[in-house]
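**Q** With chain A fixed as given, assemble chain B onto it according to the hints.
Listed here are the chains, written in short residue letters.
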Amino acid sequence: MIKTDALIVGAGPTGLFTAHQLKLIGLGCEIVDNLDKIGGQCIELYPDKPIYDIPAIPECTGEELTQNLLDQLKPFNIKFHLSERVDELKQVNNKWKVKTNKGTEFETPNIIIAGGVGSFEPRKFSPKECEKFENKTILYSIKDKKIFHGKTVSIFGGGDSALDWALELSKNSKVNLIHRRDEFKAAQATVDKVKELSNAGKINLITNSQLKTVNGNGELEEIEIENDNKETKKLKSDYALGFFGLIMQLGPIANWGLNLNKKTIEVDTEKFETNQKGIYAVGDICNYPGKLKLILSGFHEGALAARACFKLARPNEKYRFEFTTSSKTIKNRLGVKSD
Amino acid sequence: MPKIIYIENNGKSHSVEVAEGLTVMEGAVQNNIPGIDADCGGGMACATCHVYVKDEWFDKITKKSEGEDDMIDQAYEPKKNSRLSCQIQVSPEIDGLEVHLPEKQV
Chain A
1 MIKTDALIVG AGPTGLFTAH QLKLIGLGCE IVDNLDKIGG QCIELYPDKP
51 IYDIPAIPEC TGEELTQNLL DQLKPFNIKF HLSERVDELK QVNNKWKVKT
101 NKGTEFETPN IIIAGGVGSF EPRKFSPKEC EKFENKTILY SIKDKKIFHG
151 KTVSIFGGGD SALDWALELS KNSKVNLIHR RDEFKAAQAT VDKVKELSNA
201 GKINLITNSQ LKTVNGNGEL EEIEIENDNK ETKKLKSDYA LGFFGLIMQL
251 GPIANWGLNL NKKTIEVDTE KFETNQKGIY AVGDICNYPG KLKLILSGFH
301 EGALAARACF KLARPNEKYR FEFTTSSKTI KNRLGVKSD
Chain B
340 MPKIIYIENN GKSHSVEVAE GLTVMEGAVQ NNIPGIDADC GGGMACATCH
390 VYVKDEWFDK ITKKSEGEDD MIDQAYEPKK NSRLSCQIQV SPEIDGLEVH
440 LPEKQV
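If you're matching them up, the sequences are chains A and B in order. Quick note: the first sequence uses our numbering, first residue 1, plus one each step. Quick note: the second sequence uses our numbering, first residue 340, plus one each step.
Source of the hints: derived by calculation from the structure; they are not laboratory data. The beta-carbon is built from N, C-alpha and C at its ideal position, and this holds for glycine as well.
Some but not every residue of chain A turned toward chain B, in silico, with C-beta under 10 Å:
hint, residue
1, Gln41
2, Gly157
3, Phe244
4, Leu246
5, Met248
The calculated lysine-lysine pairs, modelled on DSS-like cross-linking and capped at a C-alpha distance of 25 Å, are:
hint, chain 1, residue 1, chain 2, residue 2
6, A, Lys128, A, Lys151
7, A, Lys185, B, Lys418
8, A, Lys230, B, Lys418
9, A, Lys230, B, Lys443
Incomplete in silico selection of chain B near chain A, CB under 8 Å:
hint, residue
10, Asp378
11, Cys379
12, Ala384
13, Cys385
14, Asp409
15, Asp412
16, Tyr415
17, Glu416
18, Lys419
19, Val445
Bound-form chain A, shown alone (with noise of 0.2 Å):
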């Protein structure tokens, strides 16, 4: 059981920041992100791609906001658990008891709920015969390739992730490579490779299709293809791989008692808190009148919410507001020199 002033759930720029204004006012705090690296939506979704509204930064990436954000927290110990989600929540004794998907439990006043719009899964196949072989035969995600040795694998999707696992398990497996048009977006040199294999009969690549339903007992046997003029294509597969990038769901958060709209968390203005004491909405997830989905709101709410979780964490102190240019208090916390 990990004890700490406040659980921050989600690690993009708002959740990053919201731990740098709880550490600078002497609370500890540790961050959880279902994806497998720290920046949320900015490194998921578009870390190449310029962003011109932060606050005296005329430009950065989703990358360089999250590596600035990341250098903003060095003088802080910062512990995150990533690839794992928030699942369960208990109130015990005026305390908020949270556990992961991975086991992992938090004992915690405060709740700081920094989620964008929700976390991360990957999409699946849509015709629903294929959620009895889920994660068995039908695959999101590679752990063991070794599992596909001498098997006949077919995979779906048109992206770097789809190409290079075809063109890896293409070495000793039979693959199919199925994807819905013929374009991909990868990178050229993989393209290439692929459609070099495709030439030589390495790998069976199936161009304006997608899959139509899957057949097997207990394990998959069969899929069945229709392409663009509906004619339908049956193939013996062991294995069925779907790479459709990921897709955004609120996940068990939506169970935690809060008042929902859509997909977004209400929240007060005063301390971004939900309807239940101590757990707060902060960032893209949290809804109020007026709301805008920038990150600098994200910012200004995450600071407003970390001095909420202050009265929680320390209910004998009070919290005295103080400025980072003039604070010994926090100059030391920041390991800088004063003046």
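**A** Here is chain B on its own, set in the frame of chain A:
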């Protein structure tokens, strides 16, 4: 103002007036049309404002943006006539446009 008709997957039709210059996605969100999520807010960074556009309209609307098809690859049940509604500009020329919504966005 141009009229845009949003047809839900169950056949329910919503006809709303959308100001020129907005996108078909914004028209849906501002009028609370169910079935358009627009998670990323119009940045072409997700595929949750996905719509189908019938052939007779497909060539009249704003052409596909660069990278739009890459995002549509990630949509739920993409088809040949799939578009991201955040990339379709509303103008007098598309008055009466019908867009069909997929069964779901995520």
